[in-house]
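Protein chains in written order, with our numbering: chain L, 11 to 124; chain S, 244 to 359.
The hints are simulated quantities; they were obtained by calculation from the structure and are not laboratory data. Because the structure is a prediction, the values reported are computed rather than measured. Ideal placement from N, C-alpha and C gives every residue a C-beta, glycine not left out. Just to be clear, a hint being listed does not mean it is correct.
As the list claims (entries may be wrong) - If you anchor each label on the Cβ, the simulated ranges turn out as follows: (1) T15(L) with A338(S): 27 to 37 Å; (2) S322(S) with T36(L): 27 to 37 Å; (3) L357(S) with T121(L): 23 to 33 Å; (4) I255(S) with E79(L): 45 to 55 Å; (5) S323(S) with T34(L): 33 to 43 Å; (6) T347(S) with T15(L): 15 to 25 Å; (7) T34(L) with I303(S): 25 to 35 Å; (8) F28(L) with T263(S): 42 to 52 Å; (9) E296(S) with T80(L): 31 to 41 Å; (10) A63(L) with A338(S): 18 to 28 Å; (11) K252(S) with P20(L): 19 to 29 Å; (12) T250(S) with K70(L): 28 to 38 Å; (13) L282(S) with Q55(L): 12 to 22 Å.
Said to hold, decoys possible - Here are the simulated DMTMM-like cross-link-like pairs (lysine to aspartate or glutamate), alpha carbons at most 25 Å apart as the crow flies: (14) K70(L) with D94(L); (15) K116(L) with E325(S); (16) K119(L) with E25(L); (17) K116(L) with D283(S); (18) K300(S) with D283(S); (19) K119(L) with D283(S); (20) K78(L) with E346(S); (21) K87(L) with D64(L); (22) K116(L) with D244(S); (23) K300(S) with E346(S); (24) K62(L) with D12(L); (25) K87(L) with E25(L); (26) K300(S) with E318(S); (27) K66(L) with E346(S); (28) K116(L) with E73(L); (29) K119(L) with D244(S); (30) K59(L) with E26(L); (31) K87(L) with D244(S); (32) K116(L) with E18(L); (33) K78(L) with D64(L); (34) K300(S) with D12(L); (35) K59(L) with E346(S); (36) K252(S) with E52(L); (37) K116(L) with E346(S); (38) K70(L) with D244(S); (39) K62(L) with E346(S); (40) K66(L) with E18(L).
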Amino acid sequence: GDSVTQMEGPVTLSEEAFLTINCTYTATGYPSLFWYVQYPGEGLQLLLKATKADDKGSNKGFEATYRKETTSFHLEKGSVQVSDSAVYFCALSDIQGGSEKLVFGKGMKLTVNP
Amino acid sequence: DSGVTQTPKHLITATGQRVTLRCSPRSGDLSVYWYQQSLDQGLQFLIQYYNGEERAKGNILERFSAQQFPDLHSELNLSSLELGDSALYFCASSAGRAGGLQETQYFGPGTRLLVL
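The shape of chain L in the complex, shown without the other chains (with noise of 0.2 Å):
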């Protein structure tokens, strides 16, 4: 079936340093991507998405692009805060027999120190 392979971490990073998770991903069909964030103690947050190749997501200064020909989708931040201390999951949908299911990654803890 579809899968998600993406960093585990947990990463450590000094507030303003460069941010990327790599995000890898096997499927039968062409999902949707995404990358959700949850803050300590909340639920998940839809961080941005992509639903075909080529297609670049962003929000909140993340940005991350649909690379059909290396089944990619990397989270990239150039200068990260304090703020986004948080656990990145990356997903993709899985369209079957007429109905959708979100598959994740095993999800990644960032700690941003000051």
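Once you have looked at the hints, place chain S on chain L.
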């Protein structure tokens, strides 16, 4: 705040017991999804309901069941609980205009279940 509410926030129970988790979707959303987040399995899709009907099933155990009521709230019932069922259970909702396809899912804060 996503607009999705879940109760209770925390639940502690014993093995063999039965619990019910409740989810209220965002106003107007027709699709409800249940996910389980555990340390060893990560975040896994359990089941989806669309406008009261079961739409998709994931890795849901036979001891677990769910339903969506006419007012669109949903309940996840977990029975004959085992230690391994301890996890964070999330509910998500989407508008459902396309039956849930290609729609953003909005997640609730989760219910943390601890089975002792």
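Hint check results:
no. : hint                             : verdict
1   : T15(L) with A338(S): 27 to 37 Å  : holds (30 Å)
2   : S322(S) with T36(L): 27 to 37 Å  : holds (34 Å)
3   : L357(S) with T121(L): 23 to 33 Å : holds (25 Å)
4   : I255(S) with E79(L): 45 to 55 Å  : holds (49 Å)
5   : S323(S) with T34(L): 33 to 43 Å  : holds (38 Å)
6   : T347(S) with T15(L): 15 to 25 Å  : holds (23 Å)
7   : T34(L) with I303(S): 25 to 35 Å  : holds (27 Å)
8   : F28(L) with T263(S): 42 to 52 Å  : holds (46 Å)
9   : E296(S) with T80(L): 31 to 41 Å  : holds (39 Å)
10  : A63(L) with A338(S): 18 to 28 Å  : holds (25 Å)
11  : K252(S) with P20(L): 19 to 29 Å  : holds (25 Å)
12  : T250(S) with K70(L): 28 to 38 Å  : holds (29 Å)
13  : L282(S) with Q55(L): 12 to 22 Å  : holds (21 Å)
14  : K70(L) with D94(L)               : holds (10 Å)
15  : K116(L) with E325(S)             : holds (23 Å)
16  : K119(L) with E25(L)              : holds (15 Å)
17  : K116(L) with D283(S)             : holds (9 Å)
18  : K300(S) with D283(S)             : holds (20 Å)
19  : K119(L) with D283(S)             : holds (15 Å)
20  : K78(L) with E346(S)              : holds (21 Å)
21  : K87(L) with D64(L)               : holds (18 Å)
22  : K116(L) with D244(S)             : holds (24 Å)
23  : K300(S) with E346(S)             : holds (18 Å)
24  : K62(L) with D12(L)               : holds (16 Å)
25  : K87(L) with E25(L)               : holds (12 Å)
26  : K300(S) with E318(S)             : holds (15 Å)
27  : K66(L) with E346(S)              : holds (17 Å)
28  : K116(L) with E73(L)              : holds (20 Å)
29  : K119(L) with D244(S)             : holds (21 Å)
30  : K59(L) with E26(L)               : holds (24 Å)
31  : K87(L) with D244(S)              : holds (24 Å)
32  : K116(L) with E18(L)              : holds (7 Å)
33  : K78(L) with D64(L)               : holds (7 Å)
34  : K300(S) with D12(L)              : holds (15 Å)
35  : K59(L) with E346(S)              : holds (11 Å)
36  : K252(S) with E52(L)              : holds (11 Å)
37  : K116(L) with E346(S)             : holds (22 Å)
38  : K70(L) with D244(S)              : holds (17 Å)
39  : K62(L) with E346(S)              : holds (14 Å)
40  : K66(L) with E18(L)               : holds (23 Å)
Going through the hint list in order, the structure satisfies each hint without exception.
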